[in-house]
Amino acid sequence: MSNAATVSQPVPFGRRLKRFMADRPLIPLIILLVMLVVILQILRPGIVNERWLANTVKFAIPLAILAGCQTMTMLTGGIDLSVGTVATMSAFIMATQVVNHDPAVAILIALVPAVLIGLVNGIGVGVFRVHPLIMTLGTSLIGTGCLQVYQRTVIASGAKIPPFLAWLGTGLTYGVPNALLLFVPIAVLIVFTLRRTGFGRLLYAVGDNEGAARLSGVRYWQVITALYVISSVLAGVTGLLYIGLIKAPSLSLAEPLVLPSVAAAVIGGTSIFGGRGGYTGTIIGALILTVLTTLLTILQMPEGARRILFGLIVLFVTAAYLRIIEDR
Amino acid sequence: MTTNPLLDATGVVKTYGAVVALRNASLSVLPGEVHALMGANGAGKSTLVKILTGAIRADAGHILIRGEARDVRSPADARRAGLLPVYQEPSLIPDLDVASNLRLTDTPVEPFRAWVRELGIPDLDIRETARDIPLAVLRVLDLARALAVEPDVLLLDEMTAALPANLAEKVLEVVRSQGDSGRSVIFISHRFVEISALCDRATVLRDGETVGVVAIEPGVEERIVEMMLGARIEKTRVAARQASQAASPGDSRPRLGVANLRVGTKLNDVSFDLANGEVAGIVALEGQGQDELLAALAGSIRPSGGTIEVDGKPVKFAHPADAIRAGIAYVPGDRTEALTMQRSVRENVALPFSSALRNWGPINMAQERSRVVSAIERLQIDTRAQREVQRLSGGNQQKVTIARWIAAEAQTILCFDPTRGIDVGTKQEIYKLLRELADQGKSVLFYTSELEEVQRVCDRVIVIFGGRVVDVFPVELADEPALMRAAYGLPCGAKEDVGILADIHSSPVAKP
Amino acid sequence: MTRLVRRQGWVAGLLVLFVVLFVITRLIQPGYGSGDFGSLVRAVLPYAFAVAAQTIVVIAGGIDLSVGAMMALTSVTAASMMDGASEEYALFVVPFVLTMGLVLGAVNGMLIVVTRVPDIVVTLATLFVLQGAALLVLGAPGGAVAEWLRATIVGTVSIPGLPGISAWIPKALVLLVVCLCIIWIPLKRSKLGLSIYAIGSSELAAFRSGVPVARTRIIAYALSGLFAAMGGLALTMSTGIGAPIPGPYLLASVAAVVLGGVALGGGKGGLLGPIVAVFVLRLVRTDLTLLAIDPNVTAIIEGAIMVAVVMFGAFITMRSRPS
Amino acid sequence: EAKYTIGVSNTVQGNGWREEMICAIKAQALASGEVTKLNIAHRNTDAAGQLEDIRNLISAKVNAIVVNPADPAGIMSALEEATKAGIVVVAVDQAVTEPSAYIISNNQEQYAYLGAKWLFQQLGGKGDVVYMRGAAGASADSDRDKGFKKALAEFPDVKVVHEVFTGWQQDQGKQQILDFIATGSPFNGIWTSGIDNVIVDALVESQTPLVPVVGADNAGFVGQLNSVEGLVGAAVTNPGSIGGAGVTLALQILNGKKPAEQTVLVEPQLWENATEEGKAKLKSVADPSLSPEWPVSISIPEWTTYTKDQIIACKGPGE
Ligand SMILES: Nc1ncnc2c1ncn2[C@@H]1O[C@H](COP(=O)(O)OP(=O)(O)OP(=O)(O)O)[C@@H](O)[C@H]1O
Ligand SMILES: Nc1ncnc2c1ncn2[C@@H]1O[C@H](COP(=O)(O)OP(=O)(O)OP(=O)(O)O)[C@@H](O)[C@H]1O
Ligand SMILES: [Mg+2]
Ligand SMILES: [Mg+2]
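First to last, the sequence lines map onto chains C, X, R and U. In terms of this note's numbering, the first sequence opens at residue 5 and continues consecutively. In terms of this note's numbering, the second sequence opens at residue 767 and continues consecutively. In terms of this note's numbering, the third sequence opens at residue 7 and continues consecutively. In terms of this note's numbering, the fourth sequence opens at residue 1032 and continues consecutively.
Calculated directly from the structure, the hints in this document are not laboratory data. Hints may be right or wrong, so weigh each one.
[Unchecked claim] Within a straight-line C-alpha distance of at most 27 angstroms, the following computed DSS-like cross-link-like pairs (lysine-lysine) qualify:
hint, chain 1, residue 1, chain 2, residue 2
1, U, LYS1148, U, LYS1034
2, U, LYS1148, U, LYS1339
3, U, LYS1148, R, LYS177
4, U, LYS1157, U, LYS1190
5, R, LYS177, U, LYS1115
6, U, LYS1346, U, LYS1310
Model the full assembly from the supplied sequences, consistent with the hints where possible.
Quick look at the structure:
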């Protein structure tokens, strides 16, 4: 009977703290983020200033939106590797179309391939049941090919970045990046969708147990098709924002963001197997990766060592975070 | 008895975060004994079995095997120590065939085959992939695999819950013979018939604590129930139903009309009606087509012929969503098929609310909450671990699958063995619930593997054998022998005792 | 039973597809002969090892994003060790590099087991680590290879008395078959192999069946590392150098695994399918070049073929599923 | 009297410079009138992939192969096989080690040396420089590093305060320079390996005092040198049209006019805007209608004969 007493004893502080953090998974993530910033400040005193903060936020936003695409698709047990291609396409098409068209028209034209790729992804995954990794990889190859073909037709037309996109991408108002004007509504919408809408519920349900969702009357293909279209459109919008930030249309503009977007979602606590996770963690994950990139740029060391460190830190952060939020 | 216990566990503690699954469990099993482990849903039975067999680690406690302290760290360790479990969920590797599964566990094939035959499956193809084998057979294979290595202690967690009567009967026979040949068995079941027919002693768990060990003797059931349920005890026994109580089908249009329904080779020419306010029971042995019948009515599979009418209008279901729109809900027998395990109880219950395209928008949280909470209360779901359904005990998970359709106010509910693995108290609640639904004018089609339940809940009995309806009769005529005969495809008037009936009536303890 | 038929059917279908493509190739380029087939096999070599490395972890229910980086690291290690060294020294380099792959793969597995971070993230992290390590070994493409090593994949075997046939058996093919079989066949027959399928099919059930899940996973990743090291050596053998930037092997390996009928998710499939899929994909590339297709269109075609084949596979699975 | 089939192998796709190279090859093949068909293998791959492509081109029985090598030494064996099969091999952009191959190349070492030397002189031989390289592990990058180091050795008072690999990615380059600016470390000049216009953008956006910037002759950067107030900088030519020159060389050899040397180097030029004369030159070469990633040097006198319209149309024979 003495064991029964053990259980009713006051829980040690460490465990209580862990339980507290496990219930609020954002807190350990934020602590990790702050730790990275502090390390940065120690290594380069003075770097953490207003300008740096603004830059970090500016670069984290496109990553965070793409990571939002990954978060939502990962909730259903999928992944969207075509976001990089889609973002690049919409950016490149917009920049070249705006030469001859009104910016609004150019943006609409630029989003057409995004919708199409999303639709194809959705139908492939939702109706034909192709594995999302393969499906989105395939459409991303196809998209890249189409973009190559397209770019040949516009070599001589030049490219332009509409001023308002540049304003949105790079501008600051009272030291606050204008990109937040786009990002905050998107983030709120994603968080709200996941937590408080039927569609959000279905994403979790489908990812957790597709059969159970089906028995509850959920039509898988509808959910998946809508999801991949939404993901693609978000990626397209990211492309427009990103071109405003980078101001140099290229055929591989957003490709480097793809793997980090997956990493950001995972660091933020979304399970790649589906059914669990959320967007707020992902946003912090994107910030962590951005700060980490800065940290490594600032450190003077051979490129090889930099990459090794990057890999190790990503692994460490994810492992530490999982350790903390895990309560079994 | 002065023999030393073969297995002796004391003071076992296991907590999952804030949930205490076991607070102070003990269990002592003598050689040659069939020992029942009893407790309400969520009492911690499965947790104890998992700890004893190394599938999870205890936070505290002592485990002695043959008087020696042994640290059982994994199922492989347990196996070496002579402890072999059959868990509540099937444990064959789904993508390997049976032969490879045997090889993986170093199980000798010939003894295994012999046991499989003994357990009532004469024609098993061991090249078949586990995934393609029906649940009930898988359970039997699990058992045969355990038996084949001749363990000292066999731990059976709700082994019979998913089995139809004919297979369950064989299992009981085999377990009995294990005890006779000097091996011990730990036997978990919610069915008193089985406990009393089989076991020598019972350890009773309540809320993670061992509250008593009793010898099984006539009349002990009441005491066990008292110990199991503690303050929860409630005398809710419904007397066997009388025909007079049955809601009269009254208006001429049946709720559900099935005519000449066919599904592949499994179901042939099935016709029957289900009225509003009626609970119709389906009685069948394993694999007689009842799975296909309910799945077809639920829109899960497409029938290959025949018609289904709802409220007099012919319908074609291409997807469960169509059936749900027509007011027909399906509760599958395997709860892992019905639940999103990582999600909360609330989300699971509320899932059908959002399924239709028009409900993809914002959720009215307050309204949802009240609907969910009332369904949870109605089924008395233990919501301590409600953040994730997978942390609920098996029985409570089962209740969530039903609560969903109570909350969704389905007009017709198709239940496939809804009381599988549910404790006595809860069973009573479910019977009451189904009756109440019927009284509210809803209709229920109810397949059960426990014949006794038919008398308690149903108005009418539909007997299926070999994919055909062989008999339909009112509940007054449905005593167990009659049901059993019918289930074996024997005409209603036949007299000879068949199968399990002989055993039950000849067993030392009368059924409660 | 039907499952077995279906799976073998898929591999058979791929083989037929390969033969059809081969015939088409001969039609496009009537002179396409044994020498060209030898080129094809040499092109297949690094892909085949990458795919083998990926297959084994996918069957074990994981995924390995570090395959390409592992190949790069082992390749630069081999190339830099052999640079300026004697021919005999290579006899030591080869086992050294293979062991290195095995150990690094095991480290991958251990990290997954110990940190309990999902494999896709662990191997993403090790992708960066291995890539970094490769850059530290060789900052730019360079190094050398022993002549005898290079010779093992050039030319054809000579079967006395059968010159016609032996012309069609390039040494590279022999090397590939030997390397894969020497590991795969005993594995497939052993309990370890079963355990790998088991943990991929259902980790919980495997654990409950007494499979040492952690150890099996580590071994699967170690073998993957070994195959990747073979891939790295193959790269060095064919190019004569080591390049620290990974080639396109990661995505190609995942694509070929799926085309080869191995389910992402684990527990199903074999090695033959993915290897045949690699041959098919390489031959498609050859045909695109022979046909002088606009290079910008080739990406579209390759992507479309991948999607179409997998969709077709999904479609026939759907059709053959009992209604 | 078109009679030749020419194969092309290139291992980087989607980069403005390489796209221009491919278009130059097509345009020159068309303009020469001697080419019936181009077999182009143009994709992202490594040296082993290029071996595969070259061998496929050999199977296709082309008369000549123009190759931009992924690695000079790594593709030696296939080039040797090609020459043995009687195919003329011309390497462009970078040298190859296969002795039988002809080489017409931009001089990468000289490219870096020229720009770096100009920059250091501009700083008065003293100051802190940011060194933004290309992709770690790429052979063009290590060649340029040699040139840069050579110039650096000549100016002992110039210090590299920050060295980073942009991976030839615009977004990475921009984030890296912004991060560096944020550290507040002083710097007096920036040398880039062709990721140039985003660097100028970053300086302008963050309102940092402009420092001299060296880049490549990409249309975007050349435009900036002409238009950004207060920007001093230099563009070093690295013509993508070298591909067209490769075709010309291959055709000459096929027609029996072998060059005196196996290797023909196209020396880079430097266009700066620090002097009036330089400004005039920059104005004359600027081409705002070009895609900003395309080098403005779309032709090489004596080596290419196509018109601007032809290269922009990017159509080869038979298209
Ligand atoms: N989307 C959701 N899914 C699952 N559970 C939820 C969800 N939203 C809320 N809950 C949980 O259900 C319970 C009641 O939620 P409800 O939103 O009605 O109350 P609340 O007081 O507004 O809570 P909160 O604002 O913190 O979400 C709480 O325990 C809450 O954590
Ligand atoms: N992984 C887990 N995480 C949290 N709580 C858990 C977990 N597993 C079990 N529990 C809790 O432990 C308690 C005991 O569960 P257990 O499965 O042992 O019950 P049981 O007696 O087998 O019930 P049943 O008869 O319904 O199968 C339950 O309250 C359950 O919610
Ligand atoms: Mg249980
Ligand atoms: Mg609220």
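Checked hints:
For the hint linking LYS1148(U) to LYS1034(U), the alpha-carbon distance of about 46 angstroms lies beyond 27 angstroms, and the restraint is violated. Straight-line distance between C-alpha atoms of LYS1148(U) and LYS1339(U) comes to about 32 angstroms, which puts the hinted pair past the 27 angstroms bound. In summary, the hint linking LYS1148(U) to LYS177(R) is not supported, as the alpha carbons are separated by about 51 angstroms, beyond the 27 angstroms threshold. Proposed proximity of LYS1157(U) and LYS1190(U) is supported: the alpha carbons are some 8 angstroms apart, at most 27 angstroms.
Distance check on the hinted pair: LYS177(R) and LYS1115(U) sit about 21 angstroms apart at the alpha-carbon level, within 27 angstroms; holds. Simply put, LYS1346(U) and LYS1310(U) have alpha-carbon atoms about 33 angstroms apart, too far for the 27 angstroms limit, and the pair is violated.
The earlier numbered hints that this structure contradicts are 1, 2, 3 and 6.
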